[in-house]
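> Protein chains in written order, with the numbering used here: chain A, 1 to 205; chain B, 1 to 140.
To be clear, the hints were calculated from the coordinates, so they are not data collected in a lab.
A quick note: this is a predicted structure, and the numbers were derived from the prediction, not measured.
Where a beta carbon is used, it is the ideal one built from N, C-alpha and C, also for glycine.
Careful: at least some of the hints might be erroneous.
Residues from chain A that face chain B, not an exhaustive set, calculated with beta carbons under 10 Å [what the hints assert, rightly or not]:
id, residue
1, 73
2, 75
3, 84
4, 87
5, 88
6, 92
7, 93
8, 97
9, 100
10, 101
11, 102
12, 103
13, 105
14, 107
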Amino acid sequence: MKDLPQTVFVVDDDDAVRDSLRMLLKSAGVHAETCASAQEFLSSYDASQPGCLVLDVRMPGMSGLEMQHELNLRGVTMPVIFITGHGDIPMAVEAMQHGAFDFLQKPFRDQELLDRVQRALVRDSENRARLRHTDRIRERLASLSPREREVLDLVTQGKANKMVAGDLGVSQRTVEIHRAHVMQKMEAGSLAELVRMMMAVAPSP
Amino acid sequence: MLRPEMAGSNDNGAGGNGREIQRVRTIIVAGQSSDRTREVLRALSGFTNVVWPTSLESALAQAGSQDAGCLVIADDLREEPIDEFLQEARELQRNLPIFVITDPDDVAEAVSAMRHGATAVIEIPPSYAALCEEVSRAMQ
Chain A
1 MKDLPQTVFV VDDDDAVRDS LRMLLKSAGV HAETCASAQE FLSSYDASQP GCLVLDVRMP
61 GMSGLEMQHE LNLRGVTMPV IFITGHGDIP MAVEAMQHGA FDFLQKPFRD QELLDRVQRA
121 LVRDSENRAR LRHTDRIRER LASLSPRERE VLDLVTQGKA NKMVAGDLGV SQRTVEIHRA
181 HVMQKMEAGS LAELVRMMMA VAPSP
Chain B
1 MLRPEMAGSN DNGAGGNGRE IQRVRTIIVA GQSSDRTREV LRALSGFTNV VWPTSLESAL
61 AQAGSQDAGC LVIADDLREE PIDEFLQEAR ELQRNLPIFV ITDPDDVAEA VSAMRHGATA
121 VIEIPPSYAA LCEEVSRAMQ
């Protein structure tokens with residue numbers, strides 16, 4: 001499933017810009033798809049498709065910033081590179097505050113865009129790897145019995161088996177057995193690894 | 001090298017001796033002695049607790065302390081690029097509001113500052129009012 005090719009989605013209402021960006025990306029060996037409007041992109045986008053977005057700020061209908069907002073609401077983490085001919089600082093700041101990966105003013109050099117696209121593609125694959133990692137941890141967590149989950153929470157708080165046994169009102173031997181099952185189901189080799197897994201899926205502040 | 005100063009400022013106020021004292025958090029203005037830094041300081045003169053550290057080290061130490069309310073990077077700090085300073089300050093305190101003042105229309109610099117951890121970038125001139133607004137909000 002990780003082998004879907006990365007695609008750069010270019011969303012711009014200007015035919016000439018779309019064509020030149022497609023050619024540029026193609027010449028750099030990057031697969032690109034283009035859309036003439038935000039609506040067109042949103043109606044056809046499949047979230048399992050890895051890549052990044054090159055998005056025009058000003059478009060008739062839904063603007064690039066509005067589309068970014070919509071993507072955020074949908075939980076799409078694909079990095080967004082804004083391009084604009086009429087950028088100003090408040091606009092750039094707003095886009096960045098809402099999670100844009102980059103914001104590039106026209107005219108830009110070809111290489112400038114290619115560099116940023118490459119960085120955005122790296123970021124996307126890192127994001128996806130992290131999500132896959134946390135998804136796997138959540139699946140394993142879901143496979144624990146309620147008692148195993150209690151043991152997990154207590155041992156990752158740093159409690160020794162004896163204390164866990166006291167807290168749960170069971171024998172130390174029973175805790176040891178639950179604990180072994182937890183380690184096995186979580187595929188954790190050590191307590192430290194278990195703690196790291198729990199940190200990875202903890203909601204960020 | 002920042003440790004002693006940071007530890008010092010962590011000592012006062014944060015102690016749990018029963019009575020919670022309303023701590024006055026500081027607005028740290030970083031920038032060399034320049035017209036722009038002075039203008040920023042003047043714009044913020046309505047706030048009581050503005051500090052202007054004289055060195056980069058001291059600015060970072062204060063940004064990392066518990067008392068930091070927000071950091072305003074008014075100007076270049078000697079030869080140091082703002083982005084590096086920003087990143088260091090951001091690493092010290094993940095949630096500290098950091099505002100960067102830039103020349104009007106320098107979009108590339110603004111984007112770079114945002115990428116390196118700025119909360120917002122404010123172009124000056126025109127808007128000292130926007131700066132005061134951002135600072136007030138940060139200090140609430």
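> Going through the numbered hints above, which ones does this structure break? Give me the numbers in ascending order.
Of the numbered hints given earlier, those the structure breaks are 1, 2, 14, listed in rising order.
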